[in-house]
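Starting from the known structure of chain A, fit chain B onto it as the hints suggest.
Number of protein chains: 2
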Amino acid sequence: MITSTNSNQIKNIIALNKKARERKAQRLFVVEGIRAVAEVPGELLTAVFCVEGFENSPEGRSFIKEILDKAPDVVIEEVATNVFKAMSDTVTPQGVLALVKMQEFTLEDVLGIKQAKPAHLVILETLQDPGNMGTIIRTAEGAGATGVIINSTSVDLYSPKVVRSTMGSIFRVPHIIVQDLAGVIKELENQYGVAVYAAHLKGYRYYDEMDFTGPSAFMIGNEGNGLSDEISELATSYLKIPMEGQLESLNASVAASLLMYETHRQRKNR
Amino acid sequence: MITSTNSNQIKNIIALNKKARERKAQRLFVVEGIRAVAEVPGELLTAVFCVEGFENSPEGRSFIKEILDKAPDVVIEEVATNVFKAMSDTVTPQGVLALVKMQEFTLEDVLGIKQAKPAHLVILETLQDPGNMGTIIRTAEGAGATGVIINSTSVDLYSPKVVRSTMGSIFRVPHIIVQDLAGVIKELENQYGVAVYAAHLKGYRYYDEMDFTGPSAFMIGNEGNGLSDEISELATSYLKIPMEGQLESLNASVAASLLMYETHRQRKNR
Numbered sequence: 436m437i438t439s440t441n442s443n444q445i446k447n448i449i450a451l452n453k454k455a456r457e458r459k460a461q462r463l464f465v466v467e468g469i470r471a472v473a474e475v476p477g478e479l480l481t482a483v484f485c486v487e488g489f490e491n492s493p494e495g496r497s498f499i500k501e502i503l504d505k506a507p508d509v510v511i512e513e514v515a516t517n518v519f520k521a522m523s524d525t526v527t528p529q530g531v532l533a534l535v536k537m538q539e540f541t542l543e544d545v546l547g548i549k550q551a552k553p554a555h556l557v558i559l560e561t562l563q564d565p566g567n568m569g570t571i572i573r574t575a576e577g578a579g580a581t582g583v584i585i586n587s588t589s590v591d592l593y594s595p596k597v598v599r600s601t602m603g604s605i606f607r608v609p610h611i612i613v614q615d616l617a618g619v620i621k622e623l624e625n626q627y628g629v630a631v632y633a634a635h636l637k638g639y640r641y642y643d644e645m646d647f648t649g650p651s652a653f654m655i656g657n658e659g660n661g662l663s664d665e666i667s668e669l670a671t672s673y674l675k676i677p678m679e680g681q682l683e684s685l686n687a688s689v690a691a692s693l694l695m696y697e698t699h700r701q702r703k704n705r
Numbered sequence: 436m437i438t439s440t441n442s443n444q445i446k447n448i449i450a451l452n453k454k455a456r457e458r459k460a461q462r463l464f465v466v467e468g469i470r471a472v473a474e475v476p477g478e479l480l481t482a483v484f485c486v487e488g489f490e491n492s493p494e495g496r497s498f499i500k501e502i503l504d505k506a507p508d509v510v511i512e513e514v515a516t517n518v519f520k521a522m523s524d525t526v527t528p529q530g531v532l533a534l535v536k537m538q539e540f541t542l543e544d545v546l547g548i549k550q551a552k553p554a555h556l557v558i559l560e561t562l563q564d565p566g567n568m569g570t571i572i573r574t575a576e577g578a579g580a581t582g583v584i585i586n587s588t589s590v591d592l593y594s595p596k597v598v599r600s601t602m603g604s605i606f607r608v609p610h611i612i613v614q615d616l617a618g619v620i621k622e623l624e625n626q627y628g629v630a631v632y633a634a635h636l637k638g639y640r641y642y643d644e645m646d647f648t649g650p651s652a653f654m655i656g657n658e659g660n661g662l663s664d665e666i667s668e669l670a671t672s673y674l675k676i677p678m679e680g681q682l683e684s685l686n687a688s689v690a691a692s693l694l695m696y697e698t699h700r701q702r703k704n705r
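As given, the protein sequences belong to chains A and B, one line each in that order. Here the first sequence is numbered in the working numbering, starting from 436 and rising by one per residue. Here the second sequence is numbered in the working numbering, starting from 436 and rising by one per residue.
Derived from the structure by calculation, the hints contain no laboratory data. No experiment lies behind these values; they were computed from the predicted model shown. Hints are not guaranteed to be accurate.
Where chains are identical, the list cannot tell them apart; a pair therefore holds if satisfied intra-copy or between any two copies.
Said to hold, decoys possible - With a straight-line cut-off of 35 Å between C-alpha atoms, the simulated DSBU-like cross-links for lysine-lysine are:
#1 Lys446 / Lys596
#2 Lys446 / Lys552
#3 Lys621 / Lys520
#4 Lys500 / Lys675
#5 Lys637 / Lys505
#6 Lys536 / Lys549
#7 Lys549 / Lys505
#8 Lys520 / Lys453
#9 Lys675 / Lys505
#10 Lys536 / Lys520
#11 Lys453 / Lys552
#12 Lys549 / Lys446
#13 Lys596 / Lys549
Excised from the complex, chain A in its bound form (with noise of 0.2 Å):
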């Protein structure tokens, strides 16, 4: 059992929980919560922690059974209660949390063309709420969007409170974080044929009176400037989402669902 906040595994996984820099130098990254190390999936895994005396608990022991059933070799070590609470970026810890490697998605994933769908993306530029990003992820999956691709200047996606708000879904989302995120967009343009929409003061055209059954990818901006310049300019066409009273935005999660479930809506086969 780890007794001691000094033990190197304990110090990596704090500093993993708390600097964006680690997480990726390491591309390595901390899921919390029984229920949500349930939904990793096993070749990802790498050590598991658990509080002492959950293993022996009969949660804990069909826990423990799952986690071996999909990763036979991976590490799983017990820790004692203050060990685990400094561990923890919860206030109440469930006691079990995880060490897991970062998947490495293609533009390619992230458009879908392995699953023949047509390409639905969402376009994060710089956003910087953590529960806006995991919620954007989490109704990705639900409205069967094909992928995401974030600009490095968002909040990191790897961090512990956007993992928690994706409610699993950052596994099974195809995701990619760009640097030159205007070179991704005219590439999208010009190489894959996506329309790529900005939501607008230009724009004219009500989002549900437009045809996202092609390749289509909604642009979502920062939750108190918007979109910059030099990206919505790169925008194929405009759109607008109807408000009425005196709001002048919509909350940025809120408005890529709307598009998302937009596109969900005109594709469906059901």
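Chain B alone, transformed into the frame defined by chain A:
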């Protein structure tokens, strides 16, 4: 200028920021930020607190003018920087904060009866996340909902985080907080002819294939547990939102937004 955090006014602001009980007893809450305070209707403004120096900045002068135009009798207090920091609920205070009266809405306000619109309601049962609640109020304005009904075990609508995330919609969307949610739902159905919908596993019809042009209310449950059995059993009809992948549910504010915007779409006159 107020220079001490021992001032009764300051102690009261801090209490109002921290305690739902105080807000409820005094029927007052705190709104923070230049833009947010500018959106408070004049008749609700009780006092405005500005950090020292703000009133003499160019931005401060035009802000004070705007406040006095709409609320000529409002008390404006200057506050020392350290005191302002202690009063503020935010990490980087903007230097403006107001003490605001709660509005008193009736069930008829929430139903939109005076505007002669068919009711378009959201009913929140034990919603816990302040960001979700604020986002739902904000989207309700955008989608032209007539009002929001919140049960008393939900997160407090007047908590600083909820108020912030409504982006001013809290002043424009009629809302009531009710003890007996079951009783209110029965009243909506039996006295006002409102169809009350629950997104539920029992739902077999997709939300976008149903008719929400008549008086409609959408029930949204707790983030972890959904609607209680007691409340979901009162629904006039169940509905479902399609979900791809392995997702079990959507975020509460996303589900509410899709339902409100579907209603908006069906009722629109463009």
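Status of the hints after comparison with the structure:
Taking CA atoms no more than 35 Å apart as the test, Lys446 paired with Lys596 passes in both settings, with 19 Å inside one copy and 32 Å between copies. With identical chains, the CA atoms of Lys446 and Lys552 are never at most 35 Å apart, being 43 Å at best within one copy and 59 Å at best between copies. For the homomeric pair Lys621 and Lys520, neither the shortest alpha-carbon distance inside one copy (46 Å) nor that between copies (46 Å) is at most 35 Å. When the C-alpha separation of Lys500 and Lys675 is checked against a cutoff of 35 Å, the pair qualifies only between copies, where the shortest distance is 34 Å, while the shortest distance within a copy is 50 Å.
Within a single copy, Lys637 and Lys505 get their C-alpha atoms only as close as 50 Å, which misses the 35 Å cut-off; across copies the closest is 32 Å, which meets it. Taking the closest pair of Cα atoms, Lys536 and Lys549 come within 35 Å of each other only inside a single copy of the chain (23 Å); across copies the shortest separation is 57 Å, beyond that limit. Taking the shortest Cα distances, Lys549 and Lys505 sit within 35 Å of each other inside one copy (25 Å), while across copies they are farther apart (60 Å). With identical chains, the CA atoms of Lys520 and Lys453 are at most 35 Å apart both within one copy (14 Å) and between copies (26 Å).
Taking CA atoms no more than 35 Å apart as the test, Lys675 paired with Lys505 passes between copies only; the shortest distance there is 32 Å, against 45 Å inside one copy. For the identical chains of this complex, Lys536 and Lys520 are intra-copy neighbours only, at 22 Å inside a copy versus 41 Å across copies, given an alpha-carbon limit of 35 Å. Neither within a single protomer nor between protomers do Lys453 and Lys552 lie at most 35 Å apart by alpha-carbon distance, with minima of 37 Å and 50 Å respectively. Taking identical chains as interchangeable, the C-alpha atoms of Lys549 and Lys446 are never at most 35 Å apart, the minima being 40 Å within one chain and 61 Å between chains.
In this assembly of identical chains, the alpha carbons of Lys596 and Lys549 lie at most 35 Å apart only when taken from the same copy (30 Å versus 43 Å across copies).
Comparing the model with each earlier hint shows violations of hints 2, 3, 11, 12; every other hint is respected.
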